[in-house]
Amino acid sequence: MSAVFRRGRAEVEANLTPMIDVAFLLIVFFVVVSQIVEIESVQLDLPTPQDPASERPGEEQRAVINVIPAAGGKTSGYRLGSRVFTADTQGIEAMTAELAALYRRNPTLDINLRADRSTHYEWVEPALQAVSNAARLSGRPDVIARINLVVVRED
Amino acid sequence: MTSPMSDPQHLRASSTPPLEVIEPTRVRRRHRRSRARIGLNVTAMIDIVFLLLIYFLAATEFKLGEELYRLDLPQRGLAADPFELPRDPLRVVIATTGPGEGGYTIRIRGPYAQPGSFQELYEFLRRNRGAETAVGGLFEQDHPIIIEPAIATRWEHAIDAFNAAARARYTNITFAPPR
Numbered sequence: 004m005s006a007v008f009r010r011g012r013a014e015v016e017a018n019l020t021p022m023i024d025v026a027f028l029l030i031v032f033f034v035v036v037s038q039i040v041e042i043e044s045v046q047l048d049l050p051t052p053q054d055p056a057s058e059r060p061g062e063e064q065r066a067v068i069n070v071i072p073a074a075g076g077k078t079s080g081y082r083l084g085s086r087v088f089t090a091d092t093q094g095i096e097a098m099t100a101e102l103a104a105l106y107r108r109n110p111t112l113d114i115n116l117r118a119d120r121s122t123h124y125e126w127v128e129p130a131l132q133a134v135s136n137a138a139r140l141s142g143r144p145d146v147i148a149r150i151n152l153v154v155v156r157e158d
Numbered sequence: 021m022t023s024p025m026s027d028p029q030h031l032r033a034s035s036t037p038p039l040e041v042i043e044p045t046r047v048r049r050r051h052r053r054s055r056a057r058i059g060l061n062v063t064a065m066i067d068i069v070f071l072l073l074i075y076f077l078a079a080t081e082f083k084l085g086e087e088l089y090r091l092d093l094p095q096r097g098l099a100a101d102p103f104e105l106p107r108d109p110l111r112v113v114i115a116t117t118g119p120g121e122g123g124y125t126i127r128i129r130g131p132y133a134q135p136g137s138f139q140e141l142y143e144f145l146r147r148n149r150g151a152e153t154a155v156g157g158l159f160e161q162d163h164p165i166i167i168e169p170a171i172a173t174r175w176e177h178a179i180d181a182f183n184a185a186a187r188a189r190y191t192n193i194t195f196a197p198p199r
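For the protein sequence lines, the chains are A and B, in the order given. Numbered according to our numbering, the first sequence spans residues 4 to 158. Numbered according to our numbering, the second sequence spans residues 21 to 199.
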């Protein structure tokens, strides 16, 4: 009788614990990554040059400046990390001060510049100027004002 | 005479109460008690976890196609090399003239053949780069190239000009302030 019993108790069950562990890990990963992606990138139509001589991004520390596009090739402001600066003199100065503070913390910081393909150069250039000025304002002689112009490779 | 074995009454009286009747009930009851464990029904949780997983998988957009051009900006206040001979930079003026792919003009300042497209600009720069030709070209690889986009130049055209110089393997390319 006991043998009959043993056979009856042997139910086939999947051990769900590892699967739930992995599923939770994946969820946490995607939650974190989606927030980072959202902070760093604004929805932009990046330039796509023909036969690009561009490089793949490395692993170096970087800050991202997004030139937020507006109608008529203008911009509604510059976004550095999660902060948005207006496209006037005050906004540019505030962004320069913020960049200088970043350079003081990390003199080898790379700045990525993302601008829409239709944005006019007069609105992109202030961001280049701000990075150049911030390197000088940081007061550190070891700072190299390096900016990375972000494009999309279409293969 | 009837044999005692064939008498059903005898059978009923003499046989001990069958184990099958008593024992299983006892064991089954015990068994039921042992199976009554406190368990968590994880099905609903797994449903939600997978829904969340699919949502974040679909919502997360990786910018895998993004690449970059490295541009070292000029810094005022840096000591210049006193032994370096002054070199006249090559200035490339870009202007957007209209919408669409071909809505731009390129002008190289100086007595050069003017390119009509970014491909021609690239070919001009590559042809005249020193290391490219055995007899020596017009420009060294680190010859300063300044791209001068007009005020209303679209960023894509400024980048196209930069790309032409970078493709021709020049290393000292900068942007001028807008005019």
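Possibly wrong hints are sitting among the right ones.
What the hints assert, rightly or not - Which stretches of chain A does chain B cover? Using the computed rule of at least three CB atoms under 8 angstroms from a CB of chain B, they are: (1) 21–32; (2) 88–99.
Claimed, not checked - Pair by pair, the computed Cβ-Cβ distance ranges are: (3) B:G130 <-> A:L29: 54 to 64 angstroms; (4) B:M65 <-> A:Q132: 45 to 55 angstroms; (5) A:Q64 <-> B:G120: 11 to 21 angstroms; (6) A:T89 <-> B:D162: 36 to 46 angstroms; (7) B:A196 <-> A:P110: 18 to 28 angstroms; (8) B:F70 <-> A:A74: 21 to 31 angstroms; (9) B:T117 <-> A:P60: 27 to 37 angstroms; (10) A:L29 <-> B:T125: 32 to 42 angstroms; (11) B:R57 <-> A:F27: 21 to 31 angstroms; (12) B:P131 <-> A:A74: 19 to 29 angstroms.
Stated by the list, open to error - A few chain B positions that, by computed beta-carbon distances, are all more than 10 angstroms from chain A: (13) G118; (14) D162; (15) P164; (16) A170; (17) R174; (18) N183.
I should point out that these hints are in silico values taken from the structure, not numbers from a laboratory. Keep in mind the model is a prediction, meaning the values are calculated, not measured. Glycine included, every Cβ here is placed at the ideal spot set by N, Cα and C.
Here is how each hint holds up against the structure:
Counting residues of the stretch 21–32 of chain A whose beta carbon lies closer than 8 angstroms to any beta carbon of chain B gives 6, which reaches the threshold of three, so the coverage claim holds. Counting residues of the stretch 88–99 of chain A whose beta carbon lies closer than 8 angstroms to any beta carbon of chain B gives 0, which falls short of the minimum of three for the stated coverage. Distance hint check for G130 (chain B) and L29 (chain A): the Cβ-Cβ separation is about 58 angstroms, which falls inside the suggested range of 54 to 64 angstroms. At about 54 angstroms, the CB distance of M65 (chain B) to Q132 (chain A) agrees with the hint of 45 to 55 angstroms.
Range check, Q64 (chain A) to G120 (chain B): about 39 angstroms between beta-carbon atoms, so the 11 to 21 angstroms window is missed. Checking the proposed 36 to 46 angstroms range against T89 (chain A) and D162 (chain B) shows it holds: the Cβ atoms sit about 38 angstroms from each other. Between A196 (chain B) and P110 (chain A), the C-beta spacing of about 26 angstroms keeps the proposed range 18 to 28 angstroms intact. At about 42 angstroms, the beta-carbon gap between F70 (chain B) and A74 (chain A) misses the expected band of 21 to 31 angstroms.
Take T117 (chain B) and P60 (chain A): their Cβ atoms lie about 33 angstroms apart, and the range 27 to 37 angstroms holds. The supplied range of 32 to 42 angstroms is broken by L29 (chain A) and T125 (chain B), whose beta-carbon atoms lie about 52 angstroms from each other. Between R57 (chain B) and F27 (chain A) the CB atoms are about 24 angstroms apart, so this pair conforms to the stated range of 21 to 31 angstroms. Separated by about 41 angstroms at the C-beta atoms, P131 (chain B) and A74 (chain A) break the suggested range of 19 to 29 angstroms.
Here G118 (chain B) stays apart from chain A, with its beta-carbon at least about 13 angstroms from theirs, past the 10 angstroms limit. At roughly 16 angstroms from the closest C-beta of chain A, the C-beta of D162 (chain B) stays outside 10 angstroms, upholding its exclusion from the interface. No beta-carbon of chain A comes within 10 angstroms of the beta-carbon of P164 (chain B); the shortest separation is about 16 angstroms. A cut-off of 10 angstroms between C-beta atoms contradicts the statement that A170 (chain B) is not in contact with chain A; the least separation is 7 angstroms.
Against chain A, the non-interface label of R174 (chain B) is violated: not every CB pair exceeds 10 angstroms, the least being about 6 angstroms. With a minimum CB-CB distance of about 4 angstroms to chain A, N183 (chain B) fails to clear the 10 angstroms threshold, and the non-interface call is violated.
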